[in-house]
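Q: Using the sequences and the hints, build the whole thing.
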Amino acid sequence: MLARQLNFVDFPCLVDTPRSERRSALMACKQIATAKLPNYPKLKVKFPSSGPAGIQLVESQHKLSFEAGDNIEVLCQDSGMRGCWFMCKILRVSEKRLKVQYYDILDCDGPEKLEEWIPSYRVANPDKLGTRCTGRLTVRPRPLEDTTTLYFDL
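Following full-length UniProt numbering, the numbering of the sequence shown begins with 1 at its first residue and continues without gaps.
Please note: incorrect hints may appear among the correct ones.
Here are the simulated DSS-like cross-link-like pairs (lysine-lysine), alpha carbons at most 30 angstroms apart as the crow flies [unchecked claim]:
1. LYS89 - LYS99
2. LYS128 - LYS96
3. LYS113 - LYS89
Keep in mind that the hints were calculated from the coordinates and are not lab data. These figures come from a predicted structure and were not determined experimentally.
A: And the structure:
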């Protein structure tokens with residue numbers, strides 16, 4: 001009779017257990033299956049009709065202002081280097097663009113460091129997995145280097 005009540009496919013660990021232990025295990029499983037879950041209030045969320053669900057585009061509160069000589073980082077959007085930040089120095093500033101010189105990239109036409117004009121304010125393309133923050137800019141100030149010296153006593 002107990003064998004008919006127990007479904008050994010669902011509970012394979014009960015096959016080799018004594019009959020009395022199987023009965024108590026079955027009772028515990030039934031209690032778990034029939035237990036009432038707490039009733040939480042339902043959360044109502046409205047998703048936008050276009051774009052990734054639940055993500056809002058956030059505009060910068062203020063435009064970043066750069067000057068010639070500033071150190072910045074530029075986000076690469078090219079297919080082979082997508083997502084990499086490169087350190088640059090601003091050479092010239094116009095209304096909508098910056099002329100930068102990369103520290104780590106050499107020009108393919110000569111031994112000099114690569115120089116190019118980039119947009120001063122551009123929102124990065126979203127990534128395919130949706131893990132990056134939408135609305136992030138492709139230009140950011142370079143973080144200050146920490147020159148703090150720490151000493152530890154051993």
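Q: Does each hint hold? Answer for all of them.
A: Against the structure, the hints:
| no. | hint | verdict |
| --- | --- | --- |
| 1 | LYS89 - LYS99 | holds (9 angstroms) |
| 2 | LYS128 - LYS96 | holds (28 angstroms) |
| 3 | LYS113 - LYS89 | holds (11 angstroms) |
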